[in-house]
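**Student:** From just these sequences and the hints, can you work out the full model?
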Amino acid sequence: MFNSLTNVINQSGLTPNEKLTNLNSVGQIGAIIMNLLISISFSVSIIAIAYSFIQFLMSQGDPKVIKVAQNALTWSIVAGIATLASLGIKNVVVSSLGVTSTDITNATPSF
Amino acid sequence: MQRHLFKTLSIISLFVYSGVFGVKTYAISYSCANLTTELAAGEAPSPLAIVCVIARALNLFIMVVGIVLVAMILWGALKLSTALGDPKGVKGGHDTWTYAAIGGGIVIGFFAIYTILAQILGLPAIPSDFLLTRIETALIGLFNAAGITP
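Chains as they are written, first to last, in our numbering: chain A, 3 to 113; chain B, -7 to 142.
Calculated directly from the structure, the hints in this document are not laboratory data.
Some hints could be false.
[As the list claims (entries may be wrong)] Partial list, derived from the structure: chain A residues whose beta carbon lies under 7 Å from chain B:
#, residue
1, V28
2, L39
3, S43
4, V46
5, S47
6, A50
7, G63
8, V70
9, A74
10, W77
11, S78
12, A81
13, K92
14, V95
15, V96
[Stated by the list, open to error] Heads up, simulated DSBU-like pairs for lysine-lysine below, C-alpha to C-alpha not over 30 Å straight-line:
#, chain 1, residue 1, chain 2, residue 2
16, B, K83, A, K66
17, B, K80, A, K66
18, A, K69, B, K80
19, A, K69, B, K83
Remember, it's a predicted structure, so these values are computed and weren't measured experimentally.
Ideal placement from N, C-alpha and C gives every residue a C-beta, glycine not left out.
**Tutor:** So, in structure tokens, the structure goes:
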């Protein structure tokens, strides 16, 4: 999960020696930005879910802390679902705008 | 909080719905074959080649709209995750999603709204090269008036 940058760069079709110096189309740059954000956002939402469980454990029955932890858990799960949904949203939005660049439509991040 | 959740889920479902039922392609298609041939032959491009440049710039903007929309949805998700239950942070994430959805809806929805209105009022549909053919016609008229052969 945490080597997402390497995966994203590998999937953009660049060889290791080229790295980020040979980005010559908006599609490639867009694919890297979107896939990187998807990877980061999903990873952060998993960390936030774990942290909200720690908040639950540390609450010691205090209703205020429990409410904050509940709020954090709910919105972290929503953020995680939205991130996964954005894989589909990306293709729908981009193809409905008529973009045919396979760098954008076919690129998927790996977690 | 349930109202916020409902609002968020309805925004997400709006995009899923528009994707399933309303996919509409409107990137601008314009043939730049003349320009490519002229450049390959080492000739100076015709003054009408400026239309190709405009077509490419418009297509680039359309592509960037999609990229920015998805990036803002993900940025909103990141803000929601890092809020960790703080109501202000949650509101910030919500606002990001709301305004991204409004912006994306305006861009994607424009042609859909026009198509619906055109069907009701009996107007002709917009061809994808609507703007560019008019620019080309105007340029040809201008060159003819000035006595230049494009």
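**Student:** If a hint holds in the structure, say so; if it does not, say that too.
**Tutor:** Going down the list of hints, with the structure as the test:
1. V28: Holds, about 6 Å.
2. L39: Hint on L39 (chain A): holds, closest Cβ of chain B at ~4 Å, below 7 Å.
3. S43: With Cβ-Cβ at 5 Å, under 7 Å, it holds.
4. V46: 5 Å, holds
5. S47: 4 Å, holds
6. A50: 4 Å, holds
7. G63: 17 Å, violated
8. V70: Status holds, d = 4 Å.
9. A74: 3 Å, holds
10. W77: Status holds, d = 5 Å.
11. S78: 5 Å, holds
12. A81: With a closest approach of 4 Å, the A81 (chain A) hint holds.
13. K92: 5 Å, holds
14. V95: 5 Å, holds
15. V96: At 4 Å from the nearest chain B Cβ, V96 (chain A) passes the 7 Å test, so the hint holds.
16. B:K83 x A:K66: Distance ~19 Å between K83 (chain B) and K66 (chain A) Cα, so the pair holds.
17. B:K80 x A:K66: With Cα atoms ~16 Å apart, K80 (chain B) and K66 (chain A) stay inside 30 Å; holds.
18. A:K69 x B:K80: Roughly 15 Å between the alpha carbons, so the hint for K69 (chain A) and K80 (chain B) holds.
19. A:K69 x B:K83: Roughly 16 Å separates the two Cα atoms, so the pair holds.
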